[in-house]
Every structure is written in C-alpha cells, then in structure tokens.
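Between the sequences and the hints, there should be enough to build the whole structure, so can you do that?
The numbering of the sequence shown is our numbering, which starts it at 3 and goes up by one.
Don't read these hints as lab results, they were simulated from the structure.
Check before you lean on any hint, since a few could be wrong.
To be verified - Pairs of lysine-lysine, DSS-like flavour, derived with a Cα cap of 27 Å:
id, residue 1, residue 2
1, K6, K62
2, K116, K203
3, K6, K95
4, K40, K95
5, K95, K5
6, K113, K203
7, K5, K62
8, K40, K6
As the list claims (entries may be wrong) - Restraint ranges, calculated between C-beta atoms of paired labels, are given here:
id, residue 1, residue 2, range
9, A208, Q282, 26 to 34 Å
10, E261, E47, 44 to 52 Å
11, Q282, G167, 33 to 41 Å
12, A231, H54, 40 to 48 Å
13, P300, A258, 15 to 23 Å
14, D177, D138, 31 to 39 Å
15, H93, G167, 40 to 48 Å
16, P227, E197, 36 to 44 Å
17, R165, R53, 43 to 51 Å
18, G276, D67, 52 to 60 Å
19, D92, G276, 46 to 54 Å
Bear in mind that the values here come from a model prediction, so they are computed numbers and not experimental data.
Ideal placement from N, C-alpha and C gives every residue a C-beta, glycine not left out.
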Amino acid sequence: MTKKIAVLGASGYTGAELVRLIATHPSFEIAALSADRKAGLPMGEVFPHLRHLDLPVLQKIDEVDFSGIDLAFFALPHGVAHGLVRQIPDHVKIVDLSADFRLRDAQEYRKWYKLDHGAMDLQPAVAYGLPEIYRDRIAGARITANTGCYVATSLLPLIPLLRAGAVGAEDIVIDAKSGASGAGRGLNEPLLFSEANEGFKSYGVAGHRHMGELDQELSLAAGRPVLAAFTPHLVPMIRGMQATIYAAGDAAEIQAVLEKQYAGEPFVDILPMGAIPQTQHVKGSNLCRIAVHADRRPGRVIILSVLDNLMKGASGQALQCANIMLGEAETAGLNLAPVFP
Numbered sequence: 003m004t005k006k007i008a009v010l011g012a013s014g015y016t017g018a019e020l021v022r023l024i025a026t027h028p029s030f031e032i033a034a035l036s037a038d039r040k041a042g043l044p045m046g047e048v049f050p051h052l053r054h055l056d057l058p059v060l061q062k063i064d065e066v067d068f069s070g071i072d073l074a075f076f077a078l079p080h081g082v083a084h085g086l087v088r089q090i091p092d093h094v095k096i097v098d099l100s101a102d103f104r105l106r107d108a109q110e111y112r113k114w115y116k117l118d119h120g121a122m123d124l125q126p127a128v129a130y131g132l133p134e135i136y137r138d139r140i141a142g143a144r145i146t147a148n149t150g151c152y153v154a155t156s157l158l159p160l161i162p163l164l165r166a167g168a169v170g171a172e173d174i175v176i177d178a179k180s181g182a183s184g185a186g187r188g189l190n191e192p193l194l195f196s197e198a199n200e201g202f203k204s205y206g207v208a209g210h211r212h213m214g215e216l217d218q219e220l221s222l223a224a225g226r227p228v229l230a231a232f233t234p235h236l237v238p239m240i241r242g243m244q245a246t247i248y249a250a251g252d253a254a255e256i257q258a259v260l261e262k263q264y265a266g267e268p269f270v271d272i273l274p275m276g277a278i279p280q281t282q283h284v285k286g287s288n289l290c291r292i293a294v295h296a297d298r299r300p301g302r303v304i305i306l307s308v309l310d311n312l313m314k315g316a317s318g319q320a321l322q323c324a325n326i327m328l329g330e331a332e333t334a335g336l337n338l339a340p341v342f343p
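So this is what it looks like as structure tokens:
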C-alpha cells in the first residue's frame with residue numbers, strides 16, 4: 003500500500019535529497035512539500051535538477067493537510083520541532099533531521115544548542131536514528147531523531163567496539179572532515195567559493211555541538227562516561243565526510259568485532275584490514291565504509307570511516323529509519339550505487 007509522505011523544509015539540501023530518494027521509492031508518494039521563503043514555488047524552480055518530477059507546490063507548514071499523511075520528515079532548523087510536533091496529528095510518524103530530539107538530557111540540549119528543550123515529556127519515547135544499532139526501537143517509535151552526520155560517521159565503528167570492550171574508552175581521538183554541504187544551503191560568507199576553495203580549516207574546536215551526541219552515545223555503549231576528543235574540519239568539496247579515529251586496541255580483534263557486527267548489513271561495509279576508504283567511493287549512496295589499521299605504536303589502532311554527509315549522514319539514513327517505522331524493506335529507495343568519478 004502506498005504511504006503518503008510530507009517533507010517539511012524541502013528547500014534545503016537535506017529536503018531536496020529526500021525528494022530525490024523518495025521519487026524512486028516503490029511504496030512512498032510525496033503528498034506535501036513545505037518551505038518558508040520559497041512557499042508558492044514549484045520544487046523544480048527551487049531545485050532545477052528535480053523539475054522532471056511531478057511534485058506538489060511548496061507551501062507553508064500551516065497550510066499542509068496532514069489528515070492523509072503517514073510520515074513527515076522534518077528537515078527544519080534546530081528549535082522548531084519541539085513545538086511543531088504537537089501541532090501534527092498523532093497518527094503521523096516523524097523523522098526529525100534536526101537536533102531537537104537527539105539529546106535525552108534537557109541541560110545538555112541547552113548547553114550545546116543554546117535553546118530550552120520544549121518537549122521533554124515526549125523525549126523518553128523518541129528513538130535515536132542509527133538503524134544498525136537501534137533498529138528495534140526505531141520500528142516501534144512515533145518519533146525518530148536522525149543522528150548528526152559527524153556522529154553517524156564516528157558511532158558506526160565505535161559503538162560496537164566499546165560494547166565489546168575492544169577499544170579503550172579513555173583516549174579516543176576523532177579527527178573529522180566534511181564537505182561544505184554539511185553547513186546547509188543558507189548564505190554563509192566563510193562558505194563562499196572564493197573563501198572556502200583551496201583551503202582547509204578547523205572549526206568548532208573543543209566545542210562543536212555534535213560533542214553532546216558523541217558523549218551521550220559513546221558513554222551508553224561503554225557503560226560509563228566517555229569524553230572523546232573531537233575536531234571537525236571543512237575541506238573544499240561539496241559532499242563527503244571522513245572520521246579518522248585513534249584509539250587503544252588490537253587491530254585484529256577490532257576487525258573481527260566490526261565484521262561480526264555488520265555482517266549482512268546493507269549499508270555498512272567493513273573493508274579488508276589496511277584498506278583506504280575514500281569519500282569518492284560513497285558519494286550519492288547510503289553506504290558507510292570502514293577500515294581498520296594497526297598503528298606503528300603497539301596497542302594502538304587507526305580506524306577510517308567515510309560516508310556521504312547528505313546521505314548516510316542525513317537524508318539517506320532518515321529514509322532508512324522511515325522504512326523501518328512504516329514496515330517497508332529497509333533498503334527501499336536506497337539501493338543506489340555511489341556516483342564516481
């Protein structure tokens with residue numbers, strides 16, 4: 003049976019990516035698209051690469067008729083979902099791509115996002131949107147909080163390793179890089195071509211807001227507090243993300259744990275020991291590729307994890323969660339080979 007889908011915030015990169023994916027989904031139909039400043043425009047005018055699709059005209063959120071909607075994607079700014087979720091009928095399931103439901107502690111949300119959590123009464127029932135780890139919880143949830151992109155890249159290798167005790171929890175370093183699309187579509191001077199191209203810079207040093215998610219999920223996996231060092235960097239490309247993770251552990255054991263954890267998983271690819279995953283080899287796909295290296299220092303490892311920040315780091319993973327929530331095949335709409343070169 004066809005499921006009716008709404009994409010709220012369809013004029014941003016993650017919204018457009020959701021539309022692109024749902025357009026080929028065998029069971030989903032886009033019934034409503036919303037935008038703020040772009041309301042009233044055809045989607046093909048806002049994103050010309052989608053003009054061949056038969057899509058609803060963009061409208062304001064308060065104009066959307068949710069009576070026939072099965073699931074809504076919230077591709078909206080942080081701070082909006084807490085109030086909006088109360089305005090939508092209870093039968094509508096929600097995948098929120100913002101950070102509004104990712105953190106389970108109101109004080110932590112306030113610390114990292116400088117906003118008050120407006121829906122703590124709903125938070126205990128929210129599923130954290132990392133399907134390979136929380137699939138069963140996502141299946142029964144009304145609201146799923148999609149992970150941050152840096153967080154997905156880092157947690158997919160680290161959660162099973164911490165659960166198994168295969169890496170030390172005390173000295174984890176995550177050195178991460180992202181393409182410019184991770185900052186969204188809004189005008190941002192440091193992301194102008196003449197300022198970002200041919201450059202490389204760190205940002206959010208010792209204070210990036212994804213640290214709240216990392217603290218929460220790594221500590222849960224380890225069963226005790228974990229504070230990983232994390233530094234993100236902007237690199238002059240559009241799509242792609244890599245986390246280079248330094249930790250204590252035995253490379254052979256870590257390889258075995260990851261291979262066992264992700265055997266049969268359609269979207270996590272554990273490469274042979276010593277391989278070099280590249281962002282170009284996951285671009286446009288919902289894949290995360292991970293490789294383990296033994297460091298030259300005894301008892302230390304280097305783990306490389308790459309994904310497309312707009313796909314497995316955002317919209318692709320959101321669709322994966324939606325498939326689970328609506329009882330569809332988890333891979334529906336997502337069996338896309340990477341685009342190369």
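K5 and K62 were given as a pair; does the straight-line alpha-carbon distance stay at or below 27 Å?
The given pair, whose Cα atoms are some 22 Å apart, holds under the 27 Å limit.
Is the hinted pair K40 and K95 satisfied, with a Cα-Cα distance of at most 27 Å?
With a Cα-Cα distance of about 25 Å, the restraint between K40 and K95 holds, given a limit of 27 Å.
K95 paired with K5 [C-alpha distance capped at 27 Å]
holds, 11 Å
Does the Cβ pair D92, G276 satisfy 46 to 54 Å?
Holds, at about 51 Å.
Quick one, are K6 and K95 close enough, alpha carbons at most 27 Å?
holds, 11 Å
Range hint compliance [Cβ, Q282 to G167, 33 to 41 Å]
holds, 34 Å
Return holds or violated for the Cβ distance of R165 and R53 against the range 43 to 51 Å.
Holds - the Cβ-Cβ distance for R165 and R53, about 46 Å, lies within 43 to 51 Å.
Given a hinted range of 26 to 34 Å, is it respected by the beta-carbon distance of A208 and Q282?
holds, 30 Å
Given the proposed pairing of K40 with K6, does the C-alpha separation stay at or below 27 Å?
Holds, at roughly 22 Å.
That 36 to 44 Å hint for P227 and E197 (C-beta), does it hold up?
At 38 Å between Cβs, range holds.
Holds or violated: K113 to K203, with C-alpha atoms at most 27 Å apart:
holds, 24 Å
With a cut-off of 27 Å on the C-alpha distance, tell me whether K116 and K203 pass.
Holds: K116 and K203 sit about 24 Å apart, inside 27 Å.
Against the hints set out earlier in the document, no violation occurs for any number.
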